[in-house]
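So the protein lines, in turn, are chains H and F. The first sequence lines up with residues 1 to 517 when you count with our numbering. The second sequence lines up with residues 1 to 614 when you count with our numbering.
These are calculated hints, taken from the structure and not from any lab test. One thing to keep in mind: the hints can contain errors.
Listed next, with one range per pair, are the computed distances between beta-carbon atoms [claimed, not checked]:
id: 1; chain 1: H; residue 1: E51; chain 2: F; residue 2: P105; range: 54 to 60 Å
id: 2; chain 1: F; residue 1: H490; chain 2: H; residue 2: K506; range: 29 to 35 Å
id: 3; chain 1: H; residue 1: Q515; chain 2: F; residue 2: E553; range: 21 to 27 Å
id: 4; chain 1: F; residue 1: E562; chain 2: H; residue 2: K119; range: 46 to 52 Å
id: 5; chain 1: F; residue 1: F570; chain 2: H; residue 2: K119; range: 42 to 48 Å
id: 6; chain 1: H; residue 1: Y510; chain 2: F; residue 2: N428; range: 20 to 26 Å
id: 7; chain 1: F; residue 1: R357; chain 2: H; residue 2: S78; range: 55 to 61 Å
id: 8; chain 1: H; residue 1: K506; chain 2: F; residue 2: E398; range: 55 to 61 Å
id: 9; chain 1: H; residue 1: I493; chain 2: F; residue 2: I572; range: 57 to 63 Å
id: 10; chain 1: H; residue 1: K487; chain 2: F; residue 2: S601; range: 50 to 56 Å
id: 11; chain 1: F; residue 1: H490; chain 2: H; residue 2: D334; range: 22 to 28 Å
id: 12; chain 1: H; residue 1: K119; chain 2: F; residue 2: D347; range: 58 to 64 Å
Think about it this way: if two alpha-carbon atoms lie no more than 20 Å apart in a straight line, the pair counts; the simulated EDC-like pairs of lysine to aspartate or glutamate are [to be verified]:
id: 13; chain 1: H; residue 1: K53; chain 2: F; residue 2: E267
id: 14; chain 1: H; residue 1: K399; chain 2: F; residue 2: D495
id: 15; chain 1: F; residue 1: K550; chain 2: H; residue 2: D416
id: 16; chain 1: H; residue 1: K303; chain 2: F; residue 2: E267
id: 17; chain 1: H; residue 1: K413; chain 2: F; residue 2: D495
id: 18; chain 1: F; residue 1: K434; chain 2: H; residue 2: D416
id: 19; chain 1: H; residue 1: K126; chain 2: F; residue 2: D430
id: 20; chain 1: F; residue 1: K507; chain 2: F; residue 2: D430
id: 21; chain 1: H; residue 1: K125; chain 2: F; residue 2: E60
id: 22; chain 1: H; residue 1: K126; chain 2: F; residue 2: E267
Selected chain H positions facing chain F (in silico; Cβ < 10 Å) [what the hints assert, rightly or not]:
id: 23; residue: E10
id: 24; residue: K13
id: 25; residue: C185
id: 26; residue: T206
id: 27; residue: L282
id: 28; residue: M289
id: 29; residue: E293
id: 30; residue: D424
id: 31; residue: R448
id: 32; residue: L451
Heads up, the beta-carbon is just placed ideally off N, CA and C, and yes, glycines get one too.
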Amino acid sequence: MDFSPLKGSELGKLMLRSGLLHSSWNKISELRASRAHQVQTPGLGIKLFQETKYTVAVFVAPPINITCPLNSASTLLSGTEEQNPFHFLCSEKISSFSLHTPAFQLFDSAYKNLFGLKKELLESKKPVIITGAALGGSVASLFTIWLLETVEAKLKRPLCITFGSPLIGDAKLQEILENSLRNSCFLHVAYASQTPMKPNFKPFGTFLICFDSECLCIDDPEAVMELLGGASAVDQIDYGEVLDRLDQTVMEDSRLMIDDVITRMEERAEKKKVRFDQLKKLNDIKISMIYIEWYKKKSKMSKIGYYDRFKTHLVSSASPFDVDIEKRKIEVNDYWRSLVEEVEKKPQSEKSVLKTRSLFSGNNYRRMVEPLDIAEYYHNGGREYRASGRSRHYVMLEKWFREAYPKEQHRGKGTDLSELLTFDSCFWSEVEDALIMIKSLNTQEGDREALLSKLVRFEEYVWEMISKREVSPEIFLEKSSFMKWWKEYKEIIKGFRSSDFTKFMKDRMYERYGQAC
Amino acid sequence: MALDFIPGISKALIATSWRLSTKPYTTNDQFHQEVVEDNTVVVAFRRSFLEKDWFAPANESSFGETKMDPAEFPSMISFSNDVDADARATVNEAFLKSLQLLISPSCTQSVKTLVENMRPRRIVFTGHSSGGATAILAAVWYLETFFTKKCSDFPVCLTFGAPLVGDYVFKHGLGRENWSRLFVNFVTRFDIVPRIMLAPKASTKQALPYALSQLGRTRAPIQENDQTIAGFYATVMKDVETAARQAACELIDGENAFLETFSSFLELSPYRPAGTFVFSTGTRFVEMSNSDAILQILFYAYQSTNEQELSERPNQSIRDHHGYEEMVDSMGTKDVYQLDLNHFLSDGGEYALFDLRLSTSARECVRAAFEAEKKRNDNQSKIETTITKQSTTKKSIEEKLKWIEEEYKQPRCQAPAKGYYDSFKESNDDNDFKANVTRAELAGFFDDVLGLMKKGQLPDGFEGDSDWIKLATGYRRLMEPLDIANYYRHLKNEDTGSYMGKGRRPKRYKHAQKLDEHDLLKSGGTAEKIMASCLSICFWAEVEDLRGKKYDEVTNEGTVEERVTKLENFLIDEKVDDHIFLEGSTVTKWWHSLPEHHKRSSLLQQRMGYTRAT
């Protein structure tokens with residue numbers, strides 16, 4: 001994440017001296033030479049080389065026609081799997097991106113062949129290198145992205161090495177990849193003065209930028225754009241020569257005079273780091289959760305329940321403890337909101353980044369804190385929270401949890417539920433809406449029948465949760481809003497409705513609800 | 001400056017070691033021995049220039065490496081690398097085999113018998129070339145076998161032009177046990193042998209037997225322009241370069257995902273320098289013990305940008321491999337420069353590195369190695385401050401533990417209370433809440449420290465420090481019951497299963513337990529004692545798990561009946577705290593809920609104040 005000039009040059013030397021670049025370039029030259037005598041070779045040439053330690057897939061494409069109007073055109077990709085082969089890259093935030101048209105067309109035209117190649121490479125026991133020069137490198141990049149549909153930290157990742165290839169995607173593609181492990185699979189070798197830049201395109205991956213007697217390895221897209229540019233004679237560069245020349249000079253001490261670029265790069269790295277450090281307060285968040293948990297316990301002891309205590313203190317003056325809890329609520333909300341935002345940026349195929357442990361603590365947080373947000377919402381005069389007042393991060397946390405655990409474990413029959421958090425974190429908003437309905441009924445506003453049937457539906461909703469033991473026993477505390485609702489509801493249905501629920505309530509069976517056997 | 005890097009090692013002793021290391025063998029013996037000075041025995045191991053003694057013939061791994069057996073080498077592991085599976089040290093199999101031959105009971109000339117007879121004299125293990133590698137492993141074996149904390153006369157290992165033997169974990173283990181200081185490796189500037197193990201077998205295979213035979217010839221110099229030899233040296237150095245450059249990149253930015261991807265395509269040697277290295281640079285000696293910096297020096301000190309110089313390297317190298325006589329002779333007359341963190345920070349190693357003619361970027365790589373060391377030291381002092389010193393806003397770790405022990409635990413562990421476990425689980429008063437916050441604060445601290453250990457961002461010795469082990473063990477014993485209580489209070493067992501199940505128990509406790517177990521093992525603890533040390537805390541989780549089960553149920557861990565009996569036996573045999581049996585404690589409540597027929601024959605009857613129902 002930090003940048004230092006030493007890192008750029010040492011990484012560069014490692015790349016150069018590793019031998020991987022030379023051997024990739026040699027294979028490209030070999031394949032190009034073998035195709036040269038064929039009269040016309042439109043389309044793509046692909047060849048697999050089985051080395052002792054790895055497999056190399058080489059892509060060769062016809063030269064880029066610089067006068068071709070297509071050269072700077074881009075194709076917008078969006079929609080479903082059928083419309084977009086890179087569908088899996090889309091995230092909750094970014095649903096479309098654009099690709100360099102000539103590269104995409106070549107990729108698309110060879111789709112069938114590539115499909116077989118993908119299968120073969122995914123089954124390869126040896127690590128895989130995918131390489132190509134100029135437009136061939138662009139297709140190699142596209143193919144690598146496609147190959148990386150499933151990427152996991154523990155799996156061996158392929159490496160894509162391109163030489164003097166034009167940029168293939170727009171800023172959105174870069175943004176998607178920046179938040180993905182996939183970004184670590186690309187090494188673009190580019191000769192500084194002879195790699196053309198296209199407007200609206202943005203580099204991704206790592207670049208080895210070659211100068212006459214120096215090279216620099218960087219992954220900052222802005223700096224890459226500053227350093228590349230110039231004429232467009234892409235196809236004529238013999239990277240074999242470039243590499244040989246650099247190889248000779250690599251042990252000598254010389255320094256690039258690009259201090260201003262480096263300074264700007266360091267500033268950007270610093271900013272990014274600050275942003276990253278802010279997120280690292282997980283333990284403070286845990287401590288705040290303990291305070292909120294204690295607040296809940298204290299409220300229960302005073303027979304009100306933390307939901308109603310929070311609601312009440314919003315109205316009347318609050319103790320320092322209440323004020324502190326309000327502050328802590330904001331703190332944990334900020335934490336989870338930004339965490340959810342980070343996850344939303346990840347391509348959908350990488351969402352398992354939210355680890356099991358975070359999934360559970362996120363779920364716990366939602367059930368503990370969302371009621372407080374609901375209290376605030378109704379205090380401010382809101383209605384129908386679930387449909388129109390809910391913060392997106394709660395929706396996402398619930399969705400991800402449901403995806404990972406479609407069926408949540410039922411609480412055992414003998415389990416003590418006193419510390420249980422109501423499964424449905426929007427429970428209190430249902431209570432509030434029911435209270436509003438009762439108010440309407442009492443003031444004789446609206447359609448009485450419709451309101452009544454809604455209230456009955458609410459009753460059924462509560463009864464189902466009670467029978468499944470999914471609701472906290474705290475809702476039955478004397479001063480709770482739920483009990484307030486029950487008292488009024490009891491009067492309304494008097495004489496014409498009885499059910500398991502009404503019996504449960506009238507017979508005060510709830511007093512034993514949730515106790516351990 | 002004198003040779004003061006190892007107290008009590010005189011110039012004469014080094015000279016004797018060298019002489020003995022190169023003394024010819026007339027029989028099948030594998031080592032020479034000699035009692036010197038008043039109380040020291042020098043054991044020198046035989047060197048070999050046969051390929052099979054450098055790379056075990058049947059070994060198929062790229063660098064001829066194998067894992068060390070923790071039964072034989074219990075310290076040669078990393079506890080923090082992966083808490084769930086100990087990372088065992090990797091060493092060269094051929095070298096390990098040559099040691100194993102010497103310590104096996106069937107061996108006619110056994111090192112084992114020798115050292116047993118020679119104790120309590122101090123032993124110096126020594127050797128030249130591959131003999132040095134055997135000496136290193138023999139010294140480690142000796143330390144593992146005979147050196148519990150009580151011993152005082154530590155052995156010493158002196159090697160001359162020895163190849164690298166073990167990996168990062170090997171080096172880390174020596175550092176954790178505070179043994180690194182006992183290993184001193186003398187290396188002449190161009191000697192290829194300390195560099196050979198950085199090259200994969202495959203790249204040198206063809207030329208290796210010949211190159212070794214050339215190294216073995218002490219008299220006749222090799223022919224100029226020997227292409228095989230030139231090619232061999234060039235290949236080895238190319239691989240040394242890759243290893244050094246990759247290591248430098250990791251020092252500069254260890255969390256770079258691209259570097260990780262790229263490195264997986266390189267054949268990187270697992271071997272790393274361990275112990276102290278003394279390089280001779282021509283006019284002086286440079287003594288270093290920073291493993292990362294030594295690796296950089298191994299590469300850069302050989303390099304040259306001059307073609308002519310490079311072509312002379314193979315000859316120089318072969319000469320240097322036998323040049324230790326001269327090095328030993330000049331000891332006492334030449335300066336010894338300690339290139340350590342302090343010196344480096346004060347003058348950039350200018351003085352020491354002068355003779356090696358390192359380029360600016362080479363120096364920057366060496367600097368990166370020292371900066372990483374400085375960062376490790378800084379991390380350590382930061383932790384130590386947090387442990388003992390109270391800041392204006394926060395209590396120190398020690399204060400927090402003291403509060404839990406004295407103000408929280410003790411009052412709750414006397415009748416009529418229920419014990420601190422159950423008090424915490426119910427959490428009804430302000431102090432329970434306060435204890436919960438303290439629990440989380442302590443967890444944060446220990447998690448952070450473990451995170452640093454895992455990333456290698458603390459000195460190797462930190463984990464082995466007895467104060468740290470004491471603190472971590474005390475923390476685990478006092479606080480883990482509260483974490484277990486918290487786990488079951490929130491019904492996490494219904495979401496994700498037992499506290500002891502895979503991935504549930506916090507790593508900070510697993511790690512603290514490992515350190516404690518290792519400490520017990522080193523001080524001669526029996527396997528039972530070590531087992532009990534773990535159970536004495538975790539039985540709470542077992543009680544909680546059994547509470548939810550029927551007596552006749554069968555679980556993955558055996559029938560409930562068996563588990564109950566096992567737990568009861570533990571509670572009887574071990575000296576568990578009395579508060580566990582207080583009325584209202586989870587243990588007591590659980591036991592009374594067991595079926596009558598079980599209780600009637602249970603050994604816990606008395607403890608539980610059971611009277612037979614009539």
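- [ ] Could you check the hint for me, namely that K119 (chain H) and D347 (chain F) are 58 to 64 Å apart, CB to CB?
- [x] The hint (58 to 64 Å, Cβ to Cβ) holds, given that K119 (chain H) and D347 (chain F) are roughly 60 Å apart.
TODO: Would you mind confirming whether the straight-line C-alpha gap from K126 (chain H) to D430 (chain F) stays at or under 20 Å?
DONE: Violated, at about 60 Å.
Open item on the list: Next pair to validate is K53 (chain H) with E267 (chain F); report whether the Cα-Cα distance is within 20 Å.
Closed with: 9 Å, holds
Task: Straight-line alpha-carbon gap K303 (chain H) to E267 (chain F), limit 20 Å - done: With Cα atoms ~67 Å apart, K303 (chain H) and E267 (chain F) exceed 20 Å; violated.
- [ ] Starting from the hint 22 to 28 Å, judge whether the C-beta atoms of H490 (chain F) and D334 (chain H) obey it.
- [x] Taking Cβ atoms as reference, H490 (chain F) and D334 (chain H) lie about 23 Å apart, which means the hint holds.
Open item on the list: Against the range 50 to 56 Å, how does the distance between the Cβ atoms of K487 (chain H) and S601 (chain F) compare: consistent or not?
Closed with: 55 Å, holds
TODO: Closer than 10 Å between Cβ atoms is the bar; does R448 (chain H) clear it against chain F? Give me holds or violated.
DONE: 42 Å, violated
Task: Agreement of hint K13 (chain H) with chain F interface, Cβ distance less than 10 Å - done: 6 Å, holds
Task: Given hint E293 (chain H) near chain F, where the shortest CB pair must fall under 10 Å - done: 8 Å, holds
Open item on the list: Is 21 to 27 Å respected by the C-beta to C-beta distance linking Q515 (chain H) and E553 (chain F)?
Closed with: Check passed, 23 Å falls within 21 to 27 Å.
- [ ] Return holds or violated for the Cβ distance of H490 (chain F) and K506 (chain H) against the range 29 to 35 Å.
- [x] 32 Å, holds
TODO: Mind checking the alpha carbons of K399 (chain H) and D495 (chain F) for me, to see if they're no more than 20 Å apart?
DONE: 17 Å, holds
Comparing the model with each earlier hint shows violations of hints 1, 5, 16, 18, 19, 20, 30, 31 and 32; every other hint is respected.
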